[in-house]
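There are 2 protein chains.
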Amino acid sequence: MSLTLESGLAQIRFETLAECSVTRARAGLLHTAHGTIETPVFMPVGTQATVKGLTQRDLHDDLQVGILLSNTYHLYLRPGHELIARLGGLHRFMSWPNAILTDSGGFQVFSLSGMRRIDEDGVVFQSHLDGSTHRFTPESTVDVQLALGSDIQMVLDECPEYPVSHEYARESMHRTVRWARLAGARFRERMRALSTVHALFPIVQGSMFPDLRRECAEALLELDTAGYAVGGLSVGEPRPLSLDMVEATEGILPRGRPRYAMGVGMPDELPEYVARGIDMMDCVLPSRNARNGYLFTSQGRVIIKHARYKEDERPVDPKCTCYTCTSYSRAYLRHLFQSGEILYSALATRHNIQRYLDIMREIRHAIISNSFPEYLRCVRSASAEAE
Amino acid sequence: MSLTLESGLAQIRFETLAECSVTRARAGLLHTAHGTIETPVFMPVGTQATVKGLTQRDLHDDLQVGILLSNTYHLYLRPGHELIARLGGLHRFMSWPNAILTDSGGFQVFSLSGMRRIDEDGVVFQSHLDGSTHRFTPESTVDVQLALGSDIQMVLDECPEYPVSHEYARESMHRTVRWARLAGARFRERMRALSTVHALFPIVQGSMFPDLRRECAEALLELDTAGYAVGGLSVGEPRPLSLDMVEATEGILPRGRPRYAMGVGMPDELPEYVARGIDMMDCVLPSRNARNGYLFTSQGRVIIKHARYKEDERPVDPKCTCYTCTSYSRAYLRHLFQSGEILYSALATRHNIQRYLDIMREIRHAIISNSFPEYLRCVRSASAEAE
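Protein chains in written order, with this note's numbering: chain A, -2 to 384; chain B, -2 to 384.
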């Protein structure tokens, strides 16, 4: 099945290559102006126009990353989207040849900032850098992301904390839908004058209420966008709830468009999201955990500071082909970690991202070879065993 | 002229390829068990078994570093030389295929440690990590460096601060000579039982007193070592004095052996040392300055935080071929620096080390093509202009 989307806001093309006959998983190709991405895909996070500690060569040549995520909130504040635009856009600024997805900045405004005030038109917030006051509107965040030149952009949404009342969640979801319409209109208007190719994804919200999630997804359909995001996950809710929320709208969001679950997840959760029809994910976990000494392997987690690794000559993961694992021992990494050396962070991040990408490759291979249900069973039983 | 040194402590071979007819500069080859090194050479510093922020692949494949320096004091304390020995030695521990030079730890003991007490047999000091008490003797530091397996090792010396009295400097220098004899004897004894190839360099001391420097060099000659180091520089003395001290013993140290000036210098000082017969240098300046935002270029220094670089699309040094300069703009590096991103440190260090290695290549080329005096004049006039 191949779908070319030219209508509405569709600016990127998603192609389904294989579908699981049991779950909602599928493997596909996402065509962007900066390359074609094999899905399902995990996107490493480059908050400040850098995946912490990794060069663009590490990411491109070694890890073969096809798409990165960067944060609009951070780049808007520093160095500023206008500066990045004057320097030719984010790809050129950070020397990144492949695709870039940017969030709208909403999540950061709602989670990082001390002072923030929401009204119907947008959100006023204070910079975490210098306390200066700024305003994001649905329209301005489209403009900021177009200045960055990101391939896939997100609408400004309100991401409520967990838990909130059904009443507040509904009110907030309705605002998110209204904002998505305003962003969509701005995006369409701006795109008429641009020759470059971008996509805007609206975001399904509704806290942990399936009825609100469904209502939100239905309302966003009218925007006929090139893809859809599911937001408001990983805000402190129990894990099964996040998966339930994705499941709630899987049947509503068009099968022919890519679906992006924002900010997830742990290694054993990745196939769970894919099983629920998700094609794209991002998370700071592999890089943040790496820096904190937690390494993901095909055999479970390695906490590198543990004394048991002091003289361990084995690589972090003997099955891993990353530069870290083919070059260094656990003993050396532990020494670097204990010594506070930045090389530790770079090597550990490289490994953890490779692990996430390997998992996605395994998932994709399982879908294409029609063995995804079995793969999922294996992951679930290994995960149950580990607990 | 080619000299094979098999006598005494000579375990590495130094070959002179070209000599400057005006200055004491020469170009040569230093053959070690871990590769042949083109001299004059600058050795990047990997204090804790890592050049901060750089992978061994960066150093080997990109920067083509032939020899690194590592610090005995730091590795002795953490992770411990015995652990490194059990893991197959420092080369294997840090996955470094080329040569390694280690200092004796003396400099760190005398400069880093709070509590230290020198007696005739060695020095007692407290660890900067946990305050525990340790003792270094001329013999023990040979044993520690042999456990590390470094190709070129240093004798334990006393490195007096600046200034000291002639009387103290003489007393200290005599102790350094006595320690060098003890270290030499231990090294010879240990080498009889080892099949691996190592060299031990004694260190010329004598503070800023040419007579003591000469007396020290004369006394060390009897050790007939594969090379000689000049220590006690960069301890706060005026720059011209450091060069005078090197000059004082140039005529005494055998021309057929490599000479190593420890802990120098600024980019424009490198040819000055070479002009005074120095073949090897090391310094934390390129890496430390990189991390602090000071970048060395063929056109002078770039202080990356300066606002003038905010939208500067040029590479740090348009003439540089390093990965940093061929991939990133000053504007991007400034953004990373301002954001406190570790990628900045890695990229900046890479560039500054490349700059030092490029200078050494220029110097070597000038010596071989018989234009070193002219090269030196150019460096001096550019340097005078910059001041």
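Treat the hints with care, since some could be wrong.
[As the list claims (entries may be wrong)] Quick list of the computed label-pair ranges, beta carbon to beta carbon:
#	chain 1	residue 1	chain 2	residue 2	range
1	A	Glu35	B	Leu26	34 to 40 Å
2	B	Gly77	A	Arg311	17 to 23 Å
3	B	Gly128	A	Ala379	28 to 34 Å
4	B	Arg358	A	Pro370	39 to 45 Å
[Claimed, not checked] Simulated coverage check for chain A against chain B, where a stretch passes if three residues somewhere in it have a Cβ under 8 Å from a Cβ of chain B:
#	stretch
5	9 to 15
6	269 to 282
7	307 to 321
[What the hints assert, rightly or not] Now the stretches of chain B that chain A is said to cover, found in silico as 3 or more residues with beta-carbon under 8 Å:
#	stretch
8	125 to 132
9	175 to 185
10	323 to 329
No lab work stands behind these hints: they were computed from the structure.
Beta carbons are placed, not taken as given, at the ideal position from N, Cα and C, and that holds for glycine.
So, going through the hints one by one against the coordinates:
1. Glu35/A / Leu26/B: 34 to 40 Å: With Cβ atoms ~49 Å apart, the hint is violated.
2. Gly77/B / Arg311/A: 17 to 23 Å: holds, 20 Å
3. Gly128/B / Ala379/A: 28 to 34 Å: Taking Cβ atoms as reference, Gly128/B and Ala379/A lie about 45 Å apart, which means the hint is violated.
4. Arg358/B / Pro370/A: 39 to 45 Å: About 60 Å separates the Cβ atoms of Arg358/B and Pro370/A, which means 39 to 45 Å is violated.
5. 9 to 15: violated (count 0)
6. 269 to 282: violated (count 0)
7. 307 to 321: With 4 residues close enough to chain B, the hint holds.
8. 125 to 132: violated (count 0)
9. 175 to 185: It is violated, with 0 qualifying residues against the three required.
10. 323 to 329: holds (count 5)
In the structure shown, a violation is registered for the earlier hints numbered 1, 3, 4, 5, 6, 8, 9, in ascending order.
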